[in-house]
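Q: Using the hints provided, position chains B and C relative to the given structure of chain A.
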Amino acid sequence: MQEEHIINLVNVSKDYNGTEALNNINLYIRKNEFLTLLGPSGCGKTTTLRIIGGFEEPSTGDVLFNGVRINDLPPYKRKVNTVFQKYALFPHMNVYENVAFGLKIKKMDKKVIDQKVRNILALVNLAGYEKRDIDSLSGGQQQRVAIARALVNEPEVLLLDEPLGALDLKLRQEMQIELKNMQKRLGITFVYVTHDQEEALSMSDTIVVMKEGTIQQIGTPIDIYNEPKNAFVADFIGESNIIDGIMLRDYLVKFAGLEFECVDRGFAADEPVDVVIRPEDIQVVREADSPLKGEVKAVTFKGVHYEMLIDGNAIRWKIQSTVMAPTGAKVGLKIVPDAIHIMKKVTAQ
Amino acid sequence: MKKNWLSYPYLVWMLLFIFLPLLLVLYYSVTVRTEEGIRFTTEHFRRFLEPIYLRVLLRSLKLAFISTVLCLLLGYPMAMILAGNHFKQKNIMVFLFVVPMWMNFLLRTYAWMTLLEKKGLINTFLSWLGLSPLNLLYTEEAVVLGMVYNFLPFMVLPIYSVLSKIDKNLIEAAEDLGADSFTVFRKVIFPLSLPGVVSGITMVFMPAVTTFVISRLLGGGQFTLIGNLIEQQFLVVGDWNFGSAISMVMILVILLSIAVMSRYEKENEGGGLL
Amino acid sequence: MNRFLKKTYAALIYLFLYAPILILIIFSFNASKSRGNWAGFTFRWYLELFKDRQIMKALSNTVIVAVLSAAIATVIGTAAAIGIHNMKGLKKTAVMNLTYIPVVNPDIVTGLSLMLLFVFSNFQLGFITLLLAHITFNIPYVILSVLPKLKQLDKNLYEAALDLGATPFYAYRKVILPQIMPGVVTGLLLAFTLSVDDFVISFFTTGSGVSTLSIIIYSMARRGINPKINALSSLLFLTVLLLLIIVNIRSNNQNKKE
Chain A
1 MQEEHIINLV NVSKDYNGTE ALNNINLYIR KNEFLTLLGP SGCGKTTTLR
51 IIGGFEEPST GDVLFNGVRI NDLPPYKRKV NTVFQKYALF PHMNVYENVA
101 FGLKIKKMDK KVIDQKVRNI LALVNLAGYE KRDIDSLSGG QQQRVAIARA
151 LVNEPEVLLL DEPLGALDLK LRQEMQIELK NMQKRLGITF VYVTHDQEEA
201 LSMSDTIVVM KEGTIQQIGT PIDIYNEPKN AFVADFIGES NIIDGIMLRD
251 YLVKFAGLEF ECVDRGFAAD EPVDVVIRPE DIQVVREADS PLKGEVKAVT
301 FKGVHYEMLI DGNAIRWKIQ STVMAPTGAK VGLKIVPDAI HIMKKVTAQ
Chain B
1 MKKNWLSYPY LVWMLLFIFL PLLLVLYYSV TVRTEEGIRF TTEHFRRFLE
51 PIYLRVLLRS LKLAFISTVL CLLLGYPMAM ILAGNHFKQK NIMVFLFVVP
101 MWMNFLLRTY AWMTLLEKKG LINTFLSWLG LSPLNLLYTE EAVVLGMVYN
151 FLPFMVLPIY SVLSKIDKNL IEAAEDLGAD SFTVFRKVIF PLSLPGVVSG
201 ITMVFMPAVT TFVISRLLGG GQFTLIGNLI EQQFLVVGDW NFGSAISMVM
251 ILVILLSIAV MSRYEKENEG GGLL
Chain C
1 MNRFLKKTYA ALIYLFLYAP ILILIIFSFN ASKSRGNWAG FTFRWYLELF
51 KDRQIMKALS NTVIVAVLSA AIATVIGTAA AIGIHNMKGL KKTAVMNLTY
101 IPVVNPDIVT GLSLMLLFVF SNFQLGFITL LLAHITFNIP YVILSVLPKL
151 KQLDKNLYEA ALDLGATPFY AYRKVILPQI MPGVVTGLLL AFTLSVDDFV
201 ISFFTTGSGV STLSIIIYSM ARRGINPKIN ALSSLLFLTV LLLLIIVNIR
251 SNNQNKKE
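Chains as they are written, first to last, in this note's numbering: chain A, 1 to 349; chain B, 1 to 274; chain C, 1 to 258.
Hint data in this document are derived by calculation from the structure and do not stem from the laboratory. Using N, Cα and C, we set each Cβ at its ideal position, and we do this for glycine too. Any given hint might turn out to be false.
What the hints assert, rightly or not - Among the chain C residues that face chain A by a calculated CB cut under 7 Å, a handful are:
| id | residue |
| --- | --- |
| 1 | Leu157 |
| 2 | Ala160 |
| 3 | Leu164 |
| 4 | Thr167 |
| 5 | Val175 |
Stated by the list, open to error - Here are the simulated DSSO-like pairs of lysine-lysine, each with C-alpha atoms no more than 27 Å apart in a straight line:
| id | chain 1 | residue 1 | chain 2 | residue 2 |
| --- | --- | --- | --- | --- |
| 6 | B | Lys118 | C | Lys228 |
| 7 | A | Lys318 | A | Lys334 |
| 8 | A | Lys77 | A | Lys110 |
| 9 | A | Lys31 | A | Lys77 |
| 10 | A | Lys104 | C | Lys174 |
| 11 | B | Lys119 | C | Lys33 |
| 12 | B | Lys187 | C | Lys7 |
| 13 | A | Lys86 | C | Lys174 |
| 14 | A | Lys106 | A | Lys79 |
| 15 | A | Lys31 | A | Lys116 |
| 16 | C | Lys228 | B | Lys119 |
| 17 | A | Lys330 | A | Lys297 |
Chain A extracted, bound-state conformation (with noise of 0.2 Å):
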């Protein structure tokens, strides 16, 4: 059976006035799944948001939606729906008119109205609420209110444009949680917006990261996370260490003066590459026991683990382990060949 793809972005580029927004766009997003668009701030992925929920037309490419072309459709007749950042709850109603605020133009019947406000606020564990100002709300109940109103009207797709930042971190985490829930439950697909990548790895089930107005890689979380495409989504998604390297011949690279068995290959001989390195993926051991020698220049308690920073072979090494080596320390350090990552470099910058 052939997946089904709700949207479609098909060669979408915006510029406004001269400066390009997004640059070539291509995506599709399939039905009922959990789709981030995660990048740093000017990436284009609140444009991308805001033209799929009608507020910007591309200024070329498609919009499909369904497979039909809606370009031009006002977003007050699309099956989308949108949660903003700042939620935009209209002050002048309480929670229960802003909620059957776009019911109520869809002419239904009051008490359909009624039912439907009072099940979708439950839903948010919100009940009792109907009356109350948004003013008197905190920000996370007005969080709440927001998906509420966007929900009630059961849109094909969610639009989440960094919903949560402007919740405190535990908040935020509960949230996540939360909405993860809710999309399972309700099966629709959510489109949301972060630049917080520990947000876009824990929720998502596709990530789509951008970077001035291009799509660098698109993944599943655990992909984007392991086989990083580039220098710049490895360093985006958690910390890395980059170093320049040069691919020797298929499964074997040279940096750091030394040559490395690694599991990539495809690369023109002595080809210049980036080398990526997890962190985490760095051994630190007896200094005997490898050719990669160090001193430790700094140690940092985190909480679950110590980062270290380890000069060795002109190369400042960033390390994160649970086992400590005291600062001032002669250490080896091992990589083995699967956590060495092998990246083009970016020739375009």
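A: The following block gives chains B and C in isolation, referenced to the frame of chain A:
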């Protein structure tokens, strides 16, 4: 979203009732109707250069200038007092300064007529003291008094609103660095209040130089200002061409004073009037 | 001492500002026609005022012009403010400059240029021209009252309404308008006050026996003192005071809310 069309009725209105009328003034000021028809001319402007009219312009500038200086001298200390914390009901004190600004200036001017006239309160008081009554009304001083009285709030409020926004830490920092209170004023407060002073000067000078009511009521028609000249040309003499030319001169004076003032104005905050 | 000096200075300035007005009000109850001496309390001038058909006609003109011009200016100005708010760059600058012309222009120039226009286009000077002139100078003040409210608005509110299925018209009516309402009402009150207060522009743009209170006051004052003007002035003063108190309380309440 594109909602620009909502402003189209307004744009049409303003083009019709603001832009077009000003073009008409310009048109009348440079044309003359003769038996052969209408032709362009500079004669109205040249006529304005005659001493009798230039004197009127100079008098307008002189009286407006004196009034502005008096307003500044009287108003600056008042603005400082209002901006300081001398009153429990500061809002009400400021409000009391706003009220006269919104009162019909005819009334404000008329109020002084009743005080200054020959049998008015001041002269009654003087004769009660055994002094001979003075000729107060219909003098140049009365016109200046009327201007100062009418426009003083326009000087005080902009200065007040700038002064009250000055960060108190700046003053404390200056004191901390060894400045005495006069130095603090000279080196910190006054330079920071300049934008307010500039907009105060503009707001007093402009209405003062264009008024025709104050000079008519308190000057009794003896101290013709440029505004009176315009009024007479349009409503008494009926020489619209010459009247338009004088109006163009007045617009020029206003534009010049705005240009001069905006050079001193680092940031125009306006506001603070309501 | 310093403090005492400041308070004394402030008291003198307030005396300077208010004494003439207070004396005017007090003498509006003076039985004698002379302003010099007090000859007993009377309501006579107020009664005469209300019996004066010319003044009463001017009063009704003033109120009608103020109400109509304020209402029309509010509608045109609010729509214009929304349009201007959505403009960008040079176009916005140009329109804003146009908006500032009547604010900066001397009233006498605004008045006489409108008079020229009306006469030039063979428009009979009278009530209609008076009304048109008042609308013209009121609109910019409405725009300047509404624009700040639009700037404060979360621009996502409008998008949120569209997102929930509202047409642009519905979104403006149900979401944007309630949000900018305080600015609209302030603009309306401001326009009303300015209209009641105006003399110069009315003086040039009215004709054929249509007077406003300001025009009556001017023509009477030009001929000298008249106790009826005292009575009229007192009433006008109290009206303006009342309006200002209302506007101020409103804006104070709004500031507290924010």
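Q: Hint by hint, say whether it matches the structure.
A: Here is what the structure says about each hint:
| no. | hint | verdict |
| --- | --- | --- |
| 1 | Leu157 | 5 Å, holds |
| 2 | Ala160 | 4 Å, holds |
| 3 | Leu164 | 4 Å, holds |
| 4 | Thr167 | 6 Å, holds |
| 5 | Val175 | 6 Å, holds |
| 6 | B:Lys118 <-> C:Lys228 | 19 Å, holds |
| 7 | A:Lys318 <-> A:Lys334 | 13 Å, holds |
| 8 | A:Lys77 <-> A:Lys110 | 22 Å, holds |
| 9 | A:Lys31 <-> A:Lys77 | 19 Å, holds |
| 10 | A:Lys104 <-> C:Lys174 | 12 Å, holds |
| 11 | B:Lys119 <-> C:Lys33 | 11 Å, holds |
| 12 | B:Lys187 <-> C:Lys7 | 25 Å, holds |
| 13 | A:Lys86 <-> C:Lys174 | 20 Å, holds |
| 14 | A:Lys106 <-> A:Lys79 | 13 Å, holds |
| 15 | A:Lys31 <-> A:Lys116 | 24 Å, holds |
| 16 | C:Lys228 <-> B:Lys119 | 17 Å, holds |
| 17 | A:Lys330 <-> A:Lys297 | 10 Å, holds |
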